[in-house]
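Spelled out, the chains give:
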Amino acid sequence: MAGKVFAVVVVLVTLVTAYCVVTHVWWMPVDISVHGPKIDHQIEETILVAGLLFIAGQIVLASFVFRYGGATGKPKQIPGGAKPLVIFAFVLVGTEVLALSFIGSKAWGAVYFEAPDPSSLRIDVQAGQFAYYFRYSGPDGKFGPLHPELINEGNQNYFGLDPDHDPDAKDDIVTAEIGIPVNKPILLTLHSKDVGHSFYVRELRVQQDFVPGLSIPVHFTAIQTGRYEIVCTQLCGLGHYNMKAYLSVLSQSDFDDWLKKQAAMQ
Amino acid sequence: MSQIELMVAGGHEVIMEASPYGIEKKKLGMWIFIVSDACTFGAFLFAYGYMRIGTVAWGTPFGFSSILNGMIMTAVLLSSSLTMLAAVRAAQADDGAAVKKWLGATMLLGAIFAALHLREWFNLISEGWRLFANPTGGPAQFGATFFSVTGLHLTHVITGVIALGFVARGYKQGRYDQSHVETAGLYWHFVDLVWMFVFPLMYLMNAH
Amino acid sequence: MAETQVHAAHHAPSQGFIRKYVFSVDHKIIGIQYLTLSMVSAFIGMALSWAMRIHLAYPDFRIPILGWLSPNGAPNGLMTPEYYLSLMTMHGTIMAFFVLTAAPFAGFGNFVLPIQVGAADMAFPRLNMSSFWVTFVGFLLAAATFFIPDGPPLSGWTAYAPLSAVGSVAGPGQGLGQTLWVLSIAMFCVASLMGALNFIVTTLDMRTKGLTLSRLPLSTWAWFIDAWVSLLAFAVLLPCGLLLALDRLGGTSFFIPGGLVFNDQLQPHSGGSPLLFQHLFWFFGHPEVYIIILPAFGIVSHIFPTFIRKPLVGGWKVITFAEIAVGTLSFVVWGHHMFVSGMSPFMAMVFSVPTLFITIPSVIAVLVWVFSLYGANIRFDTPMLYSLGFVSLFITGGIGGFFLAQPSTDSYLHATSFVVGHFHFTMGLSAIFATFAGFYYWYPKIFGRTMNEKLGKLHFWLSFVGVYCVFITLHLTGFAGSVRRYSAFVDDFMIPLMPAQRFMTISALLLGAAQFIFLFNAIWSRFKGPKSSDNPWGATTLEWATTSPPPFDNFGGRQLTVYHGPMEYDDEASVMQTSPEASIAGT
Amino acid sequence: MKTHQRIGATVFALLLIVAGLLRSTPGVRATAMGQVTGTVKLDGPAPHQKPIDMSKDPSCAQTRGGAPASGENVVVGTDGGLANVVVYISQGLNGDIPVASKPVTFEQKGCQYVPHVVAVNPGQHMTILNDDKTMHNIHPDPKPGGGNNAFNKSQLGGGPSLDVTWTAEEIAIPVKCNVHPWMHAFIVVVKGPNGVSGGNGSFKLENVPPGTYTLTAWHETYGTQSQKVTVAEGKPVTADFTFKAK
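As given, the protein sequences belong to chains A, B, C and D, one line each in that order. Residues 1 to 266 in our numbering are what the first sequence lists, from first letter to last. Residues 1001 to 1208 in our numbering are what the second sequence lists, from first letter to last. Residues 2001 to 2587 in our numbering are what the third sequence lists, from first letter to last. Residues 3001 to 3246 in our numbering are what the fourth sequence lists, from first letter to last.
Hints were generated in silico from the structure; no laboratory data involved. Heads up, some of the hints might be wrong.
Said to hold, decoys possible - Calculated pairs, DSS-like style, for lysine-lysine (alpha carbon to alpha carbon, straight line, at most 30 Å): (1) C:2317 - A:76; (2) A:74 - C:2317; (3) D:3246 - A:170; (4) D:3191 - D:3204; (5) C:2020 - A:74; (6) A:76 - C:2457; (7) D:3050 - A:260; (8) A:261 - D:3246.
Here chain A stands alone, though its shape is the one from the complex:
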């Protein structure tokens, strides 16, 4: 009896889970980046491969438990013993994971091994407890050097710029929200002023940690205008859940206006 119930429960759980995944009850938001479809495709591929294993594993488990509960006669081993199982695991699962490694590494390579477009718009990102700030180089195209000792958030000097002494820093534009032109390659440089943080935009399919002491490049191209949330996914302290910023993907002309307005606010 217990065995039959167990089998039924396992099958039900499997079907409900599979249903939820297949019908996308809760699912990834729309993809707005050029590289995103590769990641989505890889997720779909993995769902297929792993999902089959999941369903097969649970169903076989359930059916054996259903069938062989109680006294069913003299016990017997599966024909061939463990050899077919081991071969199955090595050959089938081995091929599967090899395939996933290869296809997956292509997707990964497409995101991380591709050099950023030289014409990319470069934006500096500074993360700190518990906000992001962004920096555009301004008309001179040069970022002023950073002086951590000058960081003073009360005076809104979030990056530690010294415009009085560094000519390059004079026209740097610091913003609380990141605006980018659509269809233009973007190259971010991530640095953190205190602890580890992360830059996660679900719609962009980008997640990258900020590591204090390192400047980490991230590049992407957004293909759909809109306003999206950037959230922190690396535990950074009490305000972690509230650490966010917005990404505005704008048309080129809107972007130019927006940047002008931001420059005027400095």
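Guided by the hints, dock chains B, C and D onto chain A, whose structure is given.
Relative to the frame of chain A, chains B, C and D by itself:
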């Protein structure tokens, strides 16, 4: 005392199978400890290597006298391995007086090593090196790694000297036997071996 | 510590309550002490998870007891974000170390392993006693953080530097609380190393006559392999913790880079690397999940043959080699925790491949369990139900691994609740289920009484369904981009997921409530349960060849001789390992 | 036995009452208190205050009702009145200086601190309120070793108020909210009567006992200025300050 005799001593006529690898359990335990401790030292040295590679303008404070001091320390520790070996041999030959003599020599050499090492430490400290400070103004990573890695090693040496003292006393009183001397010897040789990594990495690589 | 003295102590039980039950060198008492500590820890950890789940789904709900426990952290019973993170940190720490590492390995291992190898005690009984008491001090240090003004640390059980390294400038709990935490973990490391050493030497050196390695019970095999993994992994966590303590207390900068600014003030550190911490931590951290799951493998593989009345497919070899492969591979996959951490993207691929390949031995283990059921006569006693539940949970958990092992898919799912769901299935609940299986299985041996079967089954059904309700939902919300370690959901993005949050909270409350059935059953049966025979399950290994509970020296001075492997089952018939009768299953 | 106890208890109670009366008698002779009033002005153009972009937390803009926010390092009102200047008595107060009994309120409103500069006596209660919908953490950072304890505590939107006291005098403890990094304020802990200049630069020190004092004005950007004043019984005295713009 082997396992077999032990069981008899415990008042049982049955005879337990001797250890499958012919190793007495304390000795086996020491081997396992050495494997684990090697990992611990490995992690410390990995951290040192990581710091070393990632740091520009690493401080290299050691002049000729420090290297000479280090060489003497190495020679002292190596000799102590020899005397330890002699102590184990003597224990195997059941020569109590010799065991006492050689263990004493090992302890003495270990103590000299520790003293020389502490002299080096105090030299560095008087120069202004600290766990967190570099008197030459560069990065402080040398102090942090040097004091922690050699500190760990020095702790092992001092623990070893004390342990040898206990073994010597126990052996003299007849509570301990040759297996205890051998186990202590294993530990002592391991501490020596670690020094063979620590010396080139921490001293030779930091000579200016 | 003369050998003879220790030896004599085995055969003359110490007198007096303190020597007998508190500072006991008897491995059985120590095993029970570990199990008790784990059980207390598990209920604390569960209470913490309740508080967190309630706060997430019903942020305005007041929990008066929290307000009483910490007027600062939860004024009027409403949790502050820092208190949420503190509870989360302590939930992770207590569950990962003091429950999942302690119970199936140190708890059952201590009680059962020496008996299964036919020894009177562990190889080093006093070392064994110190293991427990050092663990206990570690536990007290961790528990003490709840009662200091600043509260427990909030940097998670992974304690990533520099958050954990810079001290109280990083936020509440990061001062004394974090220091106590580091000391607690260092204590736990030392205790685990001593325990692992003891397990290895006992397995190698203390086996009784005829008990070759190929005849070892599968649980002993798993503990033995696990001890090796522990020995190497905790040996690295210890220096990691020591260096973190040096950064916190000695002013060094191992894990703290230069130029950090907290509160507009430049910190005095320079030159360290947060990635170094992550490498050292995950070099331990990934094997740690196998340290947790390998004893579960062993317990389940040990229980299966008894209740299916035949040997496992492939005998002892296939499952054991799978375990060895898992244990070995576990040391070369740590980088998959760091795919998005700023580690070289090339290294990500290097780490991805072994991570995916660790699936193969895991799949072999699962296939062994599942296909052993073929043609069996399964008995559905509670231990077996829990073992079957373990297999189901482990399959489900393992599937999530495919997504997290590949850097490309991980870059979306990393740090979402998908990860939380995944590791709760694989290492959390799987190991807990195996622990329950072991508990119901060995309870008659430990206490000489049988647990109530009806309550046991009820406990199982509620737990099994509850686990799926909570943790599958976590996977699904993870796909939707729900971020883990958030103390409240204020994003536009997360608010639509609130119904799922409420569903999980209600399920988690029920799941937790079911555990009180277990608690009641365990305590009630201890005094009122029916007396158990020496071998109630008709099993074959040495722990069933002695009385229930076993005498002080396990076999009353008998020296056993082993003639068979541990899986001599054929339907109703079975042959004890100690029986000179002919083999019926050829093991 | 019984009577002894009763007598003892009565004596003890009487002693308590006497002690209480003594304690409640102010150390200073009860006289009519003086008052110091004045205005703080800024001489020169006020520096530009950057607008604050609060888009990080949409609830801030909601509570502000769309009112723009800008930095508050130098707030100059009409006629050049300089706000947020703390005026206090730096020398001349002697004996037992009474502690203001009324708590000061320190609010978080629209993701800014109101007031931007707050003055309290050591031992005076300070009530911290969060009127916003969002969570703030209050993170004052006094100088280490100065006697005041740093803390870092979050307060949920609309959450219960916090009650804080400071033990030692300290000119300007910076306060921050890390969740909204632009938020900053100063807490000035000084003994005796004090006043903070308002939007038009005017301030008022009440309950000043008669005497000659050094009056000091402190501003977060322009530093301190002092002048001597003599306060007579029941007569208001005027003292004005002028800070030079940099």
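So, going through the hints one by one against the coordinates:
1. C:2317 - A:76: With a Cα-Cα distance of about 19 Å, the restraint between residue 2317 of chain C and residue 76 of chain A holds, given a limit of 30 Å.
2. A:74 - C:2317: holds (24 Å)
3. D:3246 - A:170: This hinted pair holds, its Cα atoms lying about 20 Å apart.
4. D:3191 - D:3204: holds (15 Å)
5. C:2020 - A:74: violated (47 Å)
6. A:76 - C:2457: Holds - the C-alpha atoms of residue 2457 of chain C and residue 76 of chain A are around 27 Å apart, at most 30 Å.
7. D:3050 - A:260: holds (15 Å)
8. A:261 - D:3246: holds (28 Å)
Of the hints listed earlier, the one the structure fails to meet is number 5.
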